[in-house]
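If you're matching positions, the sequence shown starts at 1 in UniProt numbering and goes up one per residue.
Incorrect hints may have been included.
Stated by the list, open to error - With a straight-line Cα cutoff of 25 Å, these simulated SDA-like cross-link-like pairs (lysine to any residue) come out:
no.: 1; residue 1: K131; residue 2: I145
no.: 2; residue 1: K131; residue 2: E202
no.: 3; residue 1: K186; residue 2: E50
no.: 4; residue 1: K147; residue 2: A158
no.: 5; residue 1: K157; residue 2: R199
no.: 6; residue 1: K186; residue 2: S61
no.: 7; residue 1: K131; residue 2: L51
no.: 8; residue 1: K186; residue 2: E202
no.: 9; residue 1: K157; residue 2: I22
no.: 10; residue 1: K186; residue 2: Q55
no.: 11; residue 1: K186; residue 2: S122
no.: 12; residue 1: K186; residue 2: A128
no.: 13; residue 1: K147; residue 2: G103
no.: 14; residue 1: K171; residue 2: R137
no.: 15; residue 1: K186; residue 2: D210
no.: 16; residue 1: K174; residue 2: V197
no.: 17; residue 1: K174; residue 2: Q190
no.: 18; residue 1: K157; residue 2: A19
no.: 19; residue 1: K131; residue 2: R184
no.: 20; residue 1: K186; residue 2: S75
As the list claims (entries may be wrong) - Derived CB-CB ranges, DEER-like:
no.: 21; residue 1: E36; residue 2: Q106; range: 30 to 40 Å
no.: 22; residue 1: L189; residue 2: V26; range: 43 to 53 Å
no.: 23; residue 1: T195; residue 2: K157; range: 22 to 32 Å
no.: 24; residue 1: Q106; residue 2: E32; range: 17 to 27 Å
no.: 25; residue 1: E50; residue 2: S27; range: 19 to 29 Å
no.: 26; residue 1: T11; residue 2: E43; range: 41 to 51 Å
To be clear, the hints were calculated from the coordinates, so they are not data collected in a lab.
These numbers come from a predicted model, not from an experiment.
Each residue gets a CB set at the ideal place from its N, CA and C atoms; glycine is no exception.
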Amino acid sequence: MECIKDPAFLTLLREEVMAPIIKSLVSEAIAERDSEIAELRQEPREVRSELNALQQYSRRSCLNISGIPESENESTDRVVRDVAAAAGVTLGPTDIDCSHRLGRQQDGKCRTIIVKMSSHSSRDALYAARKNLRSARSSAFGPEILKGIFIAENLTKANQQVMYAARQLKKRGKIHSAWTDNCRMKIRLQANGPTRVIRSLEDLREQVGDAPEFNIPAASTRLGADGDPPEPLTPAAEAGPDRDPDGYQRAGARGSARGGARRNRTGGRR
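Based on the provided sequences and hints, a complete structural model is requested.
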């Protein structure tokens, strides 16, 4: 018992026996805490991902049509039908659920039209025929206007950010191309490489690593903003982040319809 009172023995006991036990317990507690924090951080990401997927699904029958000059007291439904006719698609009055211009009217700018089709099949028919606009002739639009009309899928704000980052990566030669297909975001790292589906910025990072392109400014979410004319596009254009492999699709155009398109026959918001 006398040895227990020995200061040297007590010091040895603390350093050689108790200290490792305490260190192990503290490490386990920290690891458990870190695991709980990681789980808590992951939950909001999963919720945001699921919410974004639901929002994108709700837009599956919507398209954005940009580059069409505005006229007073216009019927956006009629404008959409004229665009469809120019592309070789006949739309009846019941094929369009609703349509309207996006955002506030500004002098000298053509606001994008968002249209919600009554069925996914009619939406697909119009979207698939968008290529025909490059060589179309129409009594409703002159040839110069037809060249500037673009039909794009309606993307959520989160997906717009992903496509913005992808376009920046394309410009810097870090990926070959990026586009959307039935609102699914896809990239190709090399010209003849496999097509990869991406769902988030995290997916994009996994493919190319972290890069400055992921530092997305707030204004960049306004891709294809109202009245901002898209860059010229021809059938011979190189596939890229704003074009599908055929050189037509303007991926990442603005799709902010908050709550979906509302019924509007005059081209403005109610």
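When the structure is checked against the list of hints, which entries are broken? Sort them ascending. 2, 4, 7, 9, 14, 18, 20, 21, 24, 25
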